[in-house]
Structures are given as structure tokens and as C-alpha cells.
Amino acid sequence: MSGRNPYDILIRPVLTEKAVRLNEKENKLVFEVAMDANKIEIRKAVEDILGDKVKVKEVRTMIVKPKQKRVGFGKPGYTKKWKKAIVRIESEEPINIAELI
Amino acid sequence: MSVTVEEKGLVRTLTVEERGEKIKNLVNEVIKEISKQVNIPGFRKGHVPPSVIKARYKDVIKEEVAKKFVSEELQNILQEKNLTPVSPDVTFGDIELNGDTLKLKIAFEVAPEFELKDYEGMEIPVVKYEVSDEDVEKAIQTLLEQRAKYEPAEDKPVEKGDLIKIHYHIIADNGEEEEDDFEVIVGANQLRPEIEEKIIGKKVGDEIEVENVPLYDEQGKEFGKATVKVKILEVKKKILPEFNDEFVKEVGLGENVEEAKKKIREDLQKKVDDAKARELEQKIIDELAKQYDFEVPSSLVKAELEYLLQDYAQQLERIGIKPNQEMLAAAARGLEQTAIKNVRVMFVLNKIAEKEGIEVTEEEINKEIEEMAKAYGATTEQMRQYLEEQGAINNVIYTILRRKVIEHIKEKANIIEMTPEEYEEKYGKKETDTAESSKEQNQPEEAKKE
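Line by line, the protein sequences give chains A and B.
All residue numbers for the first sequence refer to the numbering used here, where the first residue is 23 and numbers rise by one.
All residue numbers for the second sequence refer to the numbering used here, where the first residue is 301 and numbers rise by one.
Misleading hints may appear alongside valid ones.
To be verified - Pairs of lysine-lysine, DSSO-like flavour, derived with a Cα cap of 27 Å: (1) B:Lys345 <-> A:Lys87; (2) A:Lys47 <-> B:Lys354; (3) B:Lys358 <-> A:Lys50; (4) B:Lys449 <-> A:Lys47; (5) A:Lys47 <-> B:Lys367; (6) B:Lys345 <-> A:Lys106; (7) B:Lys602 <-> A:Lys47; (8) B:Lys345 <-> A:Lys89; (9) B:Lys449 <-> B:Lys358; (10) A:Lys102 <-> B:Lys345; (11) A:Lys50 <-> B:Lys354; (12) A:Lys105 <-> A:Lys61; (13) A:Lys47 <-> B:Lys336; (14) A:Lys106 <-> A:Lys66; (15) B:Lys367 <-> A:Lys40; (16) B:Lys531 <-> B:Lys449; (17) B:Lys602 <-> B:Lys367; (18) B:Lys460 <-> A:Lys77; (19) B:Lys358 <-> B:Lys322; (20) B:Lys345 <-> A:Lys40; (21) B:Lys503 <-> A:Lys50; (22) B:Lys531 <-> A:Lys47; (23) B:Lys503 <-> B:Lys460.
It should be emphasised that the hints constitute simulated quantities derived from the structure, not laboratory data.
Isolated chain A, as found in the complex (with noise of 0.2 Å):
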């Protein structure tokens, strides 16, 4: 498929309260992707950084939406408009995201 670098694909883990109880409790990994990424470039790219022993069982994928934020008075400005995608896997050891950053 295409050559594109796994690491252009997945931008960033994401790291908050939630993502941490998902790969806790549920065995997923939350990461930031390319707008344009789809999920068989994403299963790729997750299997590719994380090794052998990791399989992707499922992934699924979301625009958040950018929300409007205002600086005291002037202009509505816009957070960015990001692709999240929510890996599913499977592996003999836990990944701990905090470590992946």
C-alpha cells in the first residue's frame, strides 16, 4: 500500500483521564491521526510502531469537531479540528500509553 511513514499517520498517543481508563480497562489506545488516515492505514501503522506482538483487533475512528474559544473580547477563534482514532488490541503484555510518548 502506500509507503507513507507510520509516524506521519499517528501524530501524537493521546494522554488524558479517559485515554488512560480505556487502555486500563479496555485494552485501547487512543491516538491523535492524519485527517486523511484511514483505518487500514492506522492498523498498519499501530502494528508497524508497536511490534510483533501486538495485533489490532479493531479500530475506530472520529473527527472532533473544533470548538469555539474567545480570547476576552475580540474574535471567535476555533480549536483545531483533529481525526481520533481508538485502537483495540491485543498483546501478551500491557502497553502502558503514558510510555508511548
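With the hints as your guide, set chain B onto chain A.
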């Protein structure tokens, strides 16, 4: 827990390895503490999960766990291995934390081991000095000089000892000019000799001019020449008071001349005795230091050196010189040997005290603190509190102990009294006081004032 000890000089390095529940608990404790404080984006404060803290603050956790471990376990380890660090600052490093295994190195210095040498019957030469009539006369003369009054004497030619008011005008070769009035005592080393020479014999209103006077900068380096014009504005003659009953009463030395003389003699004798006692003490210490040559813990030497430097800086400030970094660095090099000696003597004195059963009682400590409080104008409680805060109580104890041990050695020592001539013959000339050298240091500044 496994502990191995490594010896290198006075430094003991312990390699400690501990595993199990205990370390796990420590780690959890540390993580809990950190999670209360940190603010990580994506998490509410206080809700950061341990796994995230662990990943993010690995080094901090390691450091903190080691610190906790050392503070909890060091006493036990030391007891087990029968080691006593010489100062409370213990360093640790090479920390490895892996799951529930903690490995680290702890280093500290121990007191040196040495054999006590014979200190009884030490031969100590001391110069015997009796206060002579001449000394008393001299002291009276100085006293009179201090009380001297100056009276205007219009037509008198300037002599040594006179107080004169002059107007000076300096024209330096580089064009800078300076003029002012000031009062000066002739012959008191306050003026340049070449100027003084010309002034002597002149009268009020006379003017003199001296050419090619070298100018000095603050470091005492010559940086140019100048022509100095001096005009004498006033001449005052020195009048010494007479040493009679009245004068004696005024300065509070008793009722009549005889009494005053006796008092002066007693004071002088006391001064001489004090100096003798100090000299004796110094000699005992020197002698002790000479006998021993064991290695001393560098941490103590460093502390002592710092203390000496502080003392030195204060001395300089007292005579009006602001110590700078270079001066202190130079002094530090010179003082290092002294510091080593002091530390070494401390160990020797402690050991002698141990052997002789000399101890410091609570009462003596209280008395010493009381005296210190008096000297500083504070109450005894304030002094004690201050000392405790500074952790200086041990120093007080050591001061008392040191005094007692030296007293003890003095009793046992063989003190040889001899006249100054005999002493000179045997040990070479005695060093003169330091008053002379401090005067020299001040010279350049005064030269510039002119």
C-alpha cells in the same frame, strides 16, 4: 537487604540492595505525593493515574524513594555494620529502581583511626617576662599621649607632634587637580616623608611646593607623578597633661599616683599572663599537631576552612578592607593547612578526653551559654535557642572540652620558663606582632589621600 562495604581511605561506600514490599510501599507513597502536586494537561489536578506519574517522573521517583529509604534505614545499616559517619552529610547516588528492587550507593567519611601518643611530660618552652618599671613608665606615657590636648600656637615653627591644618593642592602630570583642607599630626606617618620634611620648621602662612611626588592607585601601584603645593593654615602645639593625682582621678585609676602606678602594673602583668597562657595553649596544640600525621576527613576540613575564611573576612572588614573573591581564594590556599591541623587536633583532643574520662557536664554547657549570651547582650534562653537553630551546641561542647583537655595537658606538661634571651638563643627570634603588617597594608590608601 544486602549491604557491601567498600573502603577507600576514610571514605566508606556502601552498596545497598533491597527488594520487596517495603520498596513498593515507598514508591506508592512517593507517587501519591507527586500526584497531589503536579499539573499535567489532560488530567484534573490530583486525578493523575499512578501509571502516568511513573512514566513521566521516573527520575524524581527514584531520587525521592532513595531519599526516603536512606532516612529510614541508614541508622539500622550503620548499626549493623558498626560504622559512624563523621559528619551528618551523607551522599548517595547510582540509584537503580526496578519494580520493587532498589539499589544505591551511600558514601560518607568515618573518623580516622590512630594510636594516641604520649602527651604527658611534654616539654614546652615559655618566655618568662616580668613587668619592669620601664614598662610602667611607657604605659603612662602612652596614656598621657592619648589625653594630649592641642593649643593654638601662632608663631611657632612646625615640629614633630604638632597638629597642623593645611591646604593642599595636587596637580598631577596628567592634568588632574585636587585641593582641600585637612588636619594632620606631623610625624605620625600620615604625610609623605618628603612633604613632612619640608613642612618642619615652617610657620603659619608659609607655602611649600614638592615636585615629582609619585601617585599610587588602590593596589599600591605607581601611576604617575604630581606636584603638591601645601599651605599651612594653623599650627597647634601638643600639650601633654601632667601625671599627678588629679589626672589619675580623672581617668579613674585610683586616688593618687602611687595607686595608679600599682594598677597599671597589675594590668600589664595580667596582659602578659594572658598572652603567656594563650601562647602556651598554642604551643600545646602545635606540639600535638606535630606528633600526628593521620588522614583527616575532607568534609570536616572543608567546614573548618569555611569557618576560618569567614573569620578572616570579618577581620579584614574590621580594618576597613572589603574582601573580594581573589583575596579570599588566596587566603583559602594559605588556610588549608591550618584547617587540616585544626581538625586533626580536634580528633586528638577528643581521644585524650575519652582516655582521661574528661567529660562536659550539662552545667558547664549552661554556664558557657550564659557567658556567651552576656557577650552578645542576649538572654540565656535566646542564646540557647539560636545555638540550637544553628546546630552549634556541639561546637560549644567542643570548646569546653578542648579547654579542659588543654588544661589537663598543661598540668601534666613540663613547662620550661626561660628569659627572652635564652629563648632566642634556643629557638631563634620570636615573631613580632602583626600590628606592623596591618599598618603597611593601609599605607597605599593614605598615600592617595594626600
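Tell me, which hint numbers fail for this structure? Going through the list in order, the structure violates hints 4, 5, 7, 9, 15, 18, 21, 22 and respects the others.
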